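Asker: Residue numbers (the working numbering), protein chains in the order written: chain A, 1 to 391; chain B, 1 to 391; chain C, 1 to 391; chain D, 1 to 391.
Don't take each hint at face value.
[Said to hold, decoys possible] Quick list of the computed label-pair ranges, beta carbon to beta carbon:
(1) C:Thr223 to B:Glu291: 32 to 40 Å
(2) C:Gly339 to B:Ala272: 51 to 59 Å
(3) C:Lys188 to B:His313: 32 to 40 Å
[Said to hold, decoys possible] Below, a list of computed lysine-lysine pairs in the BS3-like style, where the Cα atoms sit at most 27 Å apart:
(4) B:Lys320 to C:Lys256
(5) C:Lys236 to A:Lys256
(6) C:Lys136 to B:Lys320
Source of the hints: derived by calculation from the structure; they are not laboratory data. It should be emphasised that the depicted structure is a prediction, and the values quoted were computed from it without experimental measurement. Every residue, glycine too, gets a C-beta built ideally from N, C-alpha and C.
Next come the chains, spelled out residue by residue.
There are 4 protein chains.
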Amino acid sequence: MTIRTGRHFLQIPGPTNVPDRVMRAIDMPVIDHRGPEFAALGKEVLAALKSIFKTEKPVIIFPASGTGAWEAALVNTLSPGDKVLMFETGQFAAQWSSLAERHRLDIELVPGDWRHGVEPTVVEERLRADANHEIKAVCAVHNETSTGVVTRIKAVRDAIDAAGHPALFMVDTISSLGSIDYRHDEWKVDVSVGGSQKGLMLPPGLSFNAISDKALAASGRNTMLLSYWRWDDMLKTNESGFFPYTPATNLLYGLKESITMLHEEGLENVFARHARHGEATRRAVRAWGLEVLAANPEEFSGALTAVLMPDGHDADAFRKLVLERFDMSLGTGLGKVAGKVFRIGHLGHFNDLTLAGTLSGVEMGLRLTGLHNARGGVDAALDYLAEAQVG
Amino acid sequence: MTIRTGRHFLQIPGPTNVPDRVMRAIDMPVIDHRGPEFAALGKEVLAALKSIFKTEKPVIIFPASGTGAWEAALVNTLSPGDKVLMFETGQFAAQWSSLAERHRLDIELVPGDWRHGVEPTVVEERLRADANHEIKAVCAVHNETSTGVVTRIKAVRDAIDAAGHPALFMVDTISSLGSIDYRHDEWKVDVSVGGSQKGLMLPPGLSFNAISDKALAASGRNTMLLSYWRWDDMLKTNESGFFPYTPATNLLYGLKESITMLHEEGLENVFARHARHGEATRRAVRAWGLEVLAANPEEFSGALTAVLMPDGHDADAFRKLVLERFDMSLGTGLGKVAGKVFRIGHLGHFNDLTLAGTLSGVEMGLRLTGLHNARGGVDAALDYLAEAQVG
Amino acid sequence: MTIRTGRHFLQIPGPTNVPDRVMRAIDMPVIDHRGPEFAALGKEVLAALKSIFKTEKPVIIFPASGTGAWEAALVNTLSPGDKVLMFETGQFAAQWSSLAERHRLDIELVPGDWRHGVEPTVVEERLRADANHEIKAVCAVHNETSTGVVTRIKAVRDAIDAAGHPALFMVDTISSLGSIDYRHDEWKVDVSVGGSQKGLMLPPGLSFNAISDKALAASGRNTMLLSYWRWDDMLKTNESGFFPYTPATNLLYGLKESITMLHEEGLENVFARHARHGEATRRAVRAWGLEVLAANPEEFSGALTAVLMPDGHDADAFRKLVLERFDMSLGTGLGKVAGKVFRIGHLGHFNDLTLAGTLSGVEMGLRLTGLHNARGGVDAALDYLAEAQVG
Amino acid sequence: MTIRTGRHFLQIPGPTNVPDRVMRAIDMPVIDHRGPEFAALGKEVLAALKSIFKTEKPVIIFPASGTGAWEAALVNTLSPGDKVLMFETGQFAAQWSSLAERHRLDIELVPGDWRHGVEPTVVEERLRADANHEIKAVCAVHNETSTGVVTRIKAVRDAIDAAGHPALFMVDTISSLGSIDYRHDEWKVDVSVGGSQKGLMLPPGLSFNAISDKALAASGRNTMLLSYWRWDDMLKTNESGFFPYTPATNLLYGLKESITMLHEEGLENVFARHARHGEATRRAVRAWGLEVLAANPEEFSGALTAVLMPDGHDADAFRKLVLERFDMSLGTGLGKVAGKVFRIGHLGHFNDLTLAGTLSGVEMGLRLTGLHNARGGVDAALDYLAEAQVG
């Protein structure tokens, strides 16, 4: 029996819960995308978005999913046959490399156990070995949504620098942007790939490329066939606040509001909140006697926690039970960890009590699925959350 | 520091959380309240509302708060100087009696300790003593919102019948309607008073009078001066789906949707859900070492739970802390119990995980306010809720 | 065949078209009406509303229709048997007098032809004759919604002053507030009665009493039985931003937004716009060879225009045709002029092109109903509107 | 001075006015795009969309603008160097050909005067001359949004068949779908390109490819590098109601509602309505003494009308004046006709009175811009619209 009353708990690691303020901003009449009112809006959101990426360079907004922004990052800067260093840190990293292969890039995919992020020493080592600078780009996923493991982007940047290698550095920030500290300029990222439906608290439908001067220069030399994803048309048209083709007008209204909300809370407070919720969740997981997929404390995620189900328990059967009994959506295990992990999203528009409700649903669900000793997790989380309040 | 991110927890015992479906139904253009589209809507909601009161008689819809419907019940049926038997079961019962006095009704207010509902034996005894039938009406509050105590309306009805007394029977169902089983016709209630903003899951702004033939007959004989609250104008105009003055059009759109939702869930399931949440809450309260205000298990409320703070702790300081730290609104103690109790609303559009979040906020708040042993309440609630799922 | 595509034209003289901004403001979660966020909102709207009435005295907000605010004006200030001077300027003036009679006020109703407002000389004459000051109140409707005739309130005030009479002066501003210049303080009105669903561009559900010190003093002496409508409870509770019973929370969100919008446009610009639309409409009516109900140019209304159908043509059949063929709601003839007039609302959230669409629907409808010479009305309106733009 | 009150008139030929029902459908919480509720939604809209294209074959939904669907049509079916026959019927046809060239297709662009659609005899002639079948695709724009000229797709189909040529036939239906009769299957179109923001009455953000078996077969043989636009991944995932990457969830809610609305009105009635509004608009244009850009009555558009400004008058200055004085957005002249034409959109959620308001704004604007004889246009339109009602 599915109980459906009260609000659904959408605790997948994105799309996330959209604030009422953002939904109402979206729910306004469409305006002329070639008129003066739109131009003012366009300029405003294009400027405001920079503060979220912590960049002073242009950010491109595509009316497309994050997958489109992945594609745009590659096809604007690289040419068929270019060597690219990628890391199999999880399902999305793997999908990005598959996408790259479809564009005939020569992918060197460093294998991984899905429990660790990109290892900076491996980056340095591999780049040092590339004396001829055949590697044109290094790609990493900041927060791997399939595993809840964070790659230390600054450390990877330092590794690239230590190797003195000129490769472009591209980072997927789709599920970290607006949730986990990210610094496009300071970390000298060349292309940052973002999306609307995670920390930015919007419905899906927008995705982003923050770009460096170096990436821009590369885009002038590449030989890919592209049109929709072209940066040059965008940048030129964006100058006046417009877009080269019809933008997703109403999501831009929402973007303006969501950026306002992030700044009202304060980006550093937003990051601290996510970190706190990540820690509370991990304490709950340990109390239940379960294991967090992420193995390295330095790589724990504030955006989501992937949890390993004990042998003999199917994670998807558990998720189905939680959905039916408690009207909560949890993230499924993807790829290599399908059936073995479930994911708890704790990012975006979220607070302590909603986290407590979320963990309560997991705890009850675990018991109903036969893990009778799954107790004390909510208690452990509450202890931590209450303590965090005292401080 | 007030943390405001994620959804506010509105856990006062009304107004309650309005479902998105209902809010979006309300958020539609106003229509001509004298046109055919409105007539169809008017007929539909007037008919549908009967099913919620479990009556086949007319229900009056006022564009007004519940206080207006209280006034309407009295001024349509009684005349200045009429004797009315009322019971001080809590703040709202007391306010209704004050309102009655302002209309120069002769109120006999049976005192109470605010921990019990109306005692049927007292009703019977008092009415038997009224050999001349000077008492024209008996008024009771079904679910006393200030205390979380339920008066057993059927037992009161039986007491009136046992006494063979012809007094009108009026019941305030404001915070029970759509949450706790209520039967206007079967229990021979003459006027039931309801409101939009509790179990009906609407914003405040509508209130109701369900009326019996006997009440209607009384309304023809009374000598009160009234206009806005007149039933006769309403009933006549309602026949064609219209209202004698401008109705609150958009709330009627919402009312149609909320009644649809109640029936989708099934009224009996709705009542069972509220009862389950009441029991879970009481188990939490006991685990915290606190006391529920309601003293009689037969009178426990599924709509809200009033909790006594231990001596030396101010309930309002606690509520303030919970609001500031956890962005949750709890109900204040009113009248006699001001500062001594806080109230947890668990009625309306609500589910297990939101209750868990709510109780988590209370539990953490209690500890932060110095009640360091306030532990295990959420656990106790989860045990009960999980068990209820098994069955 | 009813065509229903595109937006319905709601051109009754209220409820009026609600701006998207206002609807979205309303479409936000209900908050605790006893919490600090509500207190701030309450204080803000109570203060802002004064600017609309042009008063520095308190304005009362009832969760009720305008009829309730009519009742409140009378029952707070007068006692049964008090003599009140009223004027039958139209249906709403007549209804207000009926309501007053139900409260056993002694109404002297000056008859009228429904084509003129209150005649100031009659007021002066009648008051001069009342040497003993038996008349306790003079009541007038500023903009009579049933006729489109405006009573010159300042002139009536001057007449009262000329007669040196101490009667209270009460004015219904329901369909003039926010549309036609109105000055509660300057014109020494004692009670102004307003509603949300006309010039304030909100859905129905709120109504207002702006009150003078003199009215307030009278409210301390009156002997009416009242509760819901009591000013004293309201004024006391309003001081802290709260209300004595549950307010219509979400409409207050909307009220805040609509007042903001009125000030953004500028009240004097709002009045000028209404006046211009009234004139454009009257020019159309004359071009069609029809007659405006309002007989005196000094009393023409900027809020609505009532139009006389020629003999042999039923105004309601015409309205039905317009609704079915053009999806436009026009106002029906009420009371004495039922079947004889239709009313075109041009108040509230409205502009030149919507007026042109409105008049086009009337012009086509007139022809379809057999008035084949009804031509040139839209042209005449456009000539005027275009010319007004040049200036 | 910009007057902003009442509703903005968005009369560009898309994005169009979104119905409140559709906006409210969109304004609902985001759901898990991998859960059962989404699967049901996905299946439903994927099936329903077929009825709009009049096809029994799959329709692909991209979270992207129409430009993306243009690109998808080409990159799924053609390979670099393939010859494609295109026709310069206006700005969008020209842009599509530019996009094709960016993908290194060998474009033969038949020049045009922007006042006519694709000439079927030219198609036949050109294809007959292509004895070796080097031409792999013929591309046409059904309703050219920049000119208001309709290409007779059936006649072009017949021409291809008469030539016995195997080229793929691709049609841009972006501004005709849901406004002008279109039959993907019956006319044997291989790829139809559509978008959400025109006749489908949605905000921008979705675009479509309806595909034939022949197009699908071609997609298996092509050598383009593509990922986001791949049909094969889509088709496979769509089978279960899901999408290969995050879909624009909330726009899909809206799509479901808008298709429902189109069927409620009846597609044939929708087409007739657009045709009627096109004719009314052209009559107005002629009465003003202006010229419609479309030269051939068989190619007039029901979706929009492009109007030539007389020599010496700048169309954009006129549009600016109309926006500032009457708060109406008209479409700008694009490319070759920039400054020379303005475009009146009359497609989507629209009705007679809104058209009358629109034409009134144009008529007043023309006069204010110095075309003093621009009179009688609205009259001519009303005559026609009223007459159409009689029939």
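Asker: Quick one, are Lys320 of chain B and Lys256 of chain C close enough, alpha carbons at most 27 Å?
Answerer: 26 Å, holds
Asker: Between the alpha carbons of Lys236 of chain C and Lys256 of chain A, is the straight-line distance 27 Å or under?
Answerer: 41 Å, violated
Asker: Can you tell me whether the CB distance of Gly339 of chain C to Ala272 of chain B sits inside 51 to 59 Å?
Answerer: 55 Å, holds
Asker: For Lys188 of chain C and His313 of chain B, compare the CB-CB distance with the range 32 to 40 Å and indicate the outcome.
Answerer: 53 Å, violated
Asker: For a C-alpha distance cap of 27 Å, please report whether Lys136 of chain C and Lys320 of chain B respect it.
Answerer: Violated. Lys136 of chain C to Lys320 of chain B sits at ~48 Å, over the 27 Å cutoff.
Asker: In this structure, is the beta-carbon distance linking Thr223 of chain C and Glu291 of chain B contained in 32 to 40 Å?
Answerer: 46 Å, violated
Hint violations for this structure: numbers 1, 3, 5, 6, all remaining hints satisfied.
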